[in-house]
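In this text, residue positions in the sequence shown follow the numbering used here: the first is 1, and each later residue adds one.
Keep in mind that a hint or two might mislead.
What the hints assert, rightly or not - Here are the computed lysine-lysine pairs in the BS3-like style, where the Cα-Cα straight-line distance is at most 30 angstroms:
| id | residue 1 | residue 2 |
| --- | --- | --- |
| 1 | K100 | K57 |
| 2 | K55 | K227 |
| 3 | K57 | K97 |
| 4 | K3 | K177 |
| 5 | K109 | K169 |
| 6 | K131 | K71 |
| 7 | K203 | K191 |
| 8 | K169 | K251 |
| 9 | K254 | K109 |
| 10 | K201 | K227 |
| 11 | K100 | K169 |
| 12 | K97 | K71 |
| 13 | K251 | K203 |
| 14 | K194 | K206 |
| 15 | K55 | K100 |
| 16 | K163 | K131 |
| 17 | K71 | K57 |
| 18 | K206 | K177 |
| 19 | K254 | K76 |
Said to hold, decoys possible - So the derived label-pair ranges between C-beta atoms look like this:
| id | residue 1 | residue 2 | range |
| --- | --- | --- | --- |
| 20 | T160 | S205 | 15 to 23 angstroms |
| 21 | S217 | K57 | 26 to 34 angstroms |
| 22 | D96 | K188 | 24 to 32 angstroms |
| 23 | D78 | N210 | 27 to 35 angstroms |
| 24 | I92 | F66 | 18 to 26 angstroms |
In short, the hints are calculated from the structure, not lab data.
Cβ atoms here follow ideal geometry from the backbone N, Cα and C, with glycine treated the same way.
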Amino acid sequence: MSKIISICVPKGGVGKTTTAVNLAASLAVAEKRTLLIDVDPNGASAIALGFTPDKIKAGLAEVFGFTHSLKSAIHKTDLEYLDFVPTNIFSINSHDKFIKYSENRLILKNAISVILNHYDFIIIDCPPVLKGISTNALVASDSILIPIKSGHFSLEAVDTLFKYFEYIKEIANPNLKIEGIILTMYEKDSKVTKISERELKIKYSKYLLNTVIPNSSLLNESTFYGKPLCLYKIDSEGAIAHLDLASEIIKNNKTLEKELA
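Whenever a hint applies, use it, and build me the whole structure from the sequences.
Written out as structure tokens, the structure is:
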């Protein structure tokens, strides 16, 4: 049974792509067949995995333009169990076409359906905006994982996402769930962190995951080498935290499967 998880929040700078890339890599380390799909036109996931334009044969731009299947846009990575689909958008013209195609909110769901049974987990890295391609991702997904950095603006973004979550459930995907809220760039003794945690526990306590991702320069450093942190420095605090996140998600989904059985 495959699980499709969108990494989504309408706020930049909260570690969304970092979470998507390192969670996908950590699931692969756990020998879960994992596909990471980058639907963000900026293509940051490709950079984080070391995919320069010359290494990309096709991406979502071609899939959405109906010139390639999703299967033909899948790229192998340095991890045996991790595959990757880039956006492959490197011009204003292709960007505009991609945005136009994404108005069909079922296009990604239909593309994924062909390869769904080949993976245990499909992780979708969304842009920091709702509607358009993010709507496509949420319609195609089983759940949303929400990375959040401590701070007032981030808390407002979570509120906005939950409203949009209810909207998507009502119009297109009634089975959509919240996978959880993951605190990123975590600084334990910061006053802002304590206030943010308090507010999140008041509003969204049942969605808060046990794992937190510490503030670590290594997470950004590893992207310069085009590697997820588990391949760059697996014994680092950040790599261990993402491995813990993968374990928590695997465990939660095993529990859910037992409940549904």
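> Could one say that the CB atoms of S217 and K57 fall in the range 26 to 34 angstroms?
Replying inline: holds (33 angstroms)
> Falls inside 24 to 32 angstroms, the C-beta gap from D96 to K188?
Replying inline: Given about 44 angstroms between the Cβ atoms, the range is violated.
>> Need the status of pair K194, K206: alpha-carbon distance at most 30 angstroms?
In response: Holds. K194 to K206 sits at ~18 angstroms (cutoff 30 angstroms).
> Is K97 close enough to K71, meaning Cα to Cα at most 30 angstroms?
Replying inline: holds (21 angstroms)
> Holds or violated: are the alpha carbons of K55 and K100 at most 30 angstroms from each other?
Replying inline: Given pair K55, K100 holds - Cα atoms ~26 angstroms apart, limit 30 angstroms.
> D78 and N210, beta-carbon distance inside 27 to 35 angstroms?
Replying inline: holds (29 angstroms)
> Could one say that the CB atoms of T160 and S205 fall in the range 15 to 23 angstroms?
Replying inline: 19 angstroms Cβ-Cβ, so the 15 to 23 angstroms window holds.
> Does K55 pair with K227 here, judged by a C-alpha cut-off of 30 angstroms?
Replying inline: Roughly 15 angstroms between the alpha carbons, so the hint for K55 and K227 holds.
> Is 18 to 26 angstroms a correct range for the gap between the Cβ atoms of I92 and F66?
Replying inline: Cβ of I92 to Cβ of F66: about 21 angstroms, so the range 18 to 26 angstroms holds.
> Is K109 within 30 angstroms of K169, Cα to Cα?
Replying inline: Given pair K109, K169 holds - Cα atoms ~15 angstroms apart, limit 30 angstroms.
> Are the Cα atoms of K169 and K251 separated by 30 angstroms or less?
Replying inline: Status holds; Cα separation ~25 angstroms.
>> For a C-alpha distance cap of 30 angstroms, please report whether K100 and K57 respect it.
In response: holds (22 angstroms)
Checked against the numbered hints given earlier, this structure breaks hints 10 and 22; the rest are met.
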